[in-house]
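Asker: In case you want the letters, here they are:
There are 2 protein chains.
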Amino acid sequence: MIGGMGRWEPNARGRLEQAALELYAEHGFEQTTVAEIAERAGLTERTFFRYFADKREVLFAGAGTLRDLMVGALAGAPESAAPIEAVAAALQTAGALIQERREFSRQRQAVIAANVGLQERELIKLASLASALAEALRQRGVGEPAASLTAEAGIAVFKIAFERWQSEAGQPELPRLISESLGELRAVTAGG
Amino acid sequence: MIGGMGRWEPNARGRLEQAALELYAEHGFEQTTVAEIAERAGLTERTFFRYFADKREVLFAGAGTLRDLMVGALAGAPESAAPIEAVAAALQTAGALIQERREFSRQRQAVIAANVGLQERELIKLASLASALAEALRQRGVGEPAASLTAEAGIAVFKIAFERWQSEAGQPELPRLISESLGELRAVTAGG
Numbered sequence: 005m006i007g008g009m010g011r012w013e014p015n016a017r018g019r020l021e022q023a024a025l026e027l028y029a030e031h032g033f034e035q036t037t038v039a040e041i042a043e044r045a046g047l048t049e050r051t052f053f054r055y056f057a058d059k060r061e062v063l064f065a066g067a068g069t070l071r072d073l074m075v076g077a078l079a080g081a082p083e084s085a086a087p088i089e090a091v092a093a094a095l096q097t098a099g100a101l102i103q104e105r106r107e108f109s110r111q112r113q114a115v116i117a118a119n120v121g122l123q124e125r126e127l128i129k130l131a132s133l134a135s136a137l138a139e140a141l142r143q144r145g146v147g148e149p150a151a152s153l154t155a156e157a158g159i160a161v162f163k164i165a166f167e168r169w170q171s172e173a174g175q176p177e178l179p180r181l182i183s184e185s186l187g188e189l190r191a192v193t194a195g196g
Numbered sequence: 005m006i007g008g009m010g011r012w013e014p015n016a017r018g019r020l021e022q023a024a025l026e027l028y029a030e031h032g033f034e035q036t037t038v039a040e041i042a043e044r045a046g047l048t049e050r051t052f053f054r055y056f057a058d059k060r061e062v063l064f065a066g067a068g069t070l071r072d073l074m075v076g077a078l079a080g081a082p083e084s085a086a087p088i089e090a091v092a093a094a095l096q097t098a099g100a101l102i103q104e105r106r107e108f109s110r111q112r113q114a115v116i117a118a119n120v121g122l123q124e125r126e127l128i129k130l131a132s133l134a135s136a137l138a139e140a141l142r143q144r145g146v147g148e149p150a151a152s153l154t155a156e157a158g159i160a161v162f163k164i165a166f167e168r169w170q171s172e173a174g175q176p177e178l179p180r181l182i183s184e185s186l187g188e189l190r191a192v193t194a195g196g
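Listed in order, the protein sequences are those of chains A and B.
For the first sequence, position 50 (counting from the first letter as 1) is numbered 54 according to this note's numbering, and the numbering increases by one without interruption.
For the second sequence, position 183 (counting from the first letter as 1) is numbered 187 according to this note's numbering, and the numbering increases by one without interruption.
Treat the hints as calculated values from the structure; they're not laboratory data.
In this text, a Cβ means the ideal position worked out from N, Cα and C, and glycines have one as well.
You may find that some hints are simply not true.
Computed cross-link-like contacts, DSSO-like style, restricted to lysine-lysine with a CA-CA straight-line distance of at most 27 Å [unchecked claim]:
hint: 1; chain 1: A; residue 1: LYS129; chain 2: B; residue 2: LYS129
hint: 2; chain 1: A; residue 1: LYS163; chain 2: B; residue 2: LYS163
hint: 3; chain 1: B; residue 1: LYS129; chain 2: A; residue 2: LYS163
hint: 4; chain 1: A; residue 1: LYS59; chain 2: A; residue 2: LYS163
Listed next, the stretches of chain A that the computed footprint assigns to chain B, with coverage defined by at least 3 CB atoms under 8 Å from CB atoms of chain B [what the hints assert, rightly or not]:
hint: 5; region: 69 to 79
hint: 6; region: 120 to 131
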């Protein structure tokens, strides 16, 4: 524990995130103010705004990083990898990252599930992830509509695996659920 | 043309829709008022509100009908049909309906593409369609996660086919693009 170094606060971002999630869960997202978040974290509002543009960004600040890591994993898949395999590599990267932040992710999802506006924002995030993956596939030379279809199918797999991860009691790991859901998608599309 | 029957106005709904789409295209969705829509249609505001709760509903009033028809087509697919085939039947029903309303659909989509709030609403509509299809599959005895995955994959196919239909110059028919996109999804998921 290092502290008292001028205005630098140890793990200010993490403390703000945790304080925000607690307050959103206790009082609801709409009812919580930035002042309350800062107070709960033992920090100033000014410090809050050094890390987040507003209280919604506490929940969505990681989206850009997640997208960049997924696009990087897709781009870095072996040239010989089929489009769906390259997308699977991107999903596994996201799965490992989210699994590491399990508690944050679960708390975050509970807050989002309780607020229609946040659910809309989450859908937009997923749609924009699908667009980014499709663009990364086109960069690999995949044509249309294959690129968009593979990306959208990948996001569908991710969404279902994530929902199972949130709801299943046995605490299966997200990367494994992603593999299973992808296998299931292959099975259902092959059907008939 | 029948007219003058008391306060009954011939094809009031269609005239309001057309007037609204014209005004949204000319001045933007946000800038258009219900009063202007009614005036352009040669009707009163009161008549407008007999058909639509607000100006946004002109664009989304058909969503419930579309969902019911899709769920009906899925439920009515032969018992022997694989889940993906039952979803395909639902998509074809939607495709035929939208193809019939080609001009309305194209104008509507141009308005939505120009407004972030409407795009969000459209994403929510698609997510809720996926939920309805998954529920209809479960009613057929399909388990999870197969039901949700098949439904989400179907909506991905629909979304891509619809985008191609909007943008391609050769005016291919939407039902055919849906079949093609579904074939493409089968090919990409089988890959690797």
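Asker: Work down the list of hints and note, for each, if the structure agrees.
Answerer: Verification of the supplied hints:
Using a Cα cut-off of 27 Å, the hinted pair LYS129 of chain A and LYS129 of chain B holds, with the two alpha carbons roughly 16 Å apart. For the hint pairing LYS163 of chain A with LYS163 of chain B, the CA-to-CA distance comes to about 16 Å; that is within 27 Å, so the pair holds. Using a Cα cut-off of 27 Å, the hinted pair LYS129 of chain B and LYS163 of chain A holds, with the two alpha carbons roughly 16 Å apart. Distance check on the hinted pair: LYS59 of chain A and LYS163 of chain A sit about 24 Å apart at the alpha-carbon level, within 27 Å; holds.
By the rule of at least three residues with a Cβ nearer than 8 Å to a Cβ of chain B, the coverage given for the region 69 to 79 of chain A is violated, with 0 such residues. With a threshold of 8 Å between beta carbons, the proposed coverage of the region 120 to 131 of chain A by chain B holds, since 5 of its residues qualify and at least three are required.
In this structure, the one hint that does not hold is number 5.
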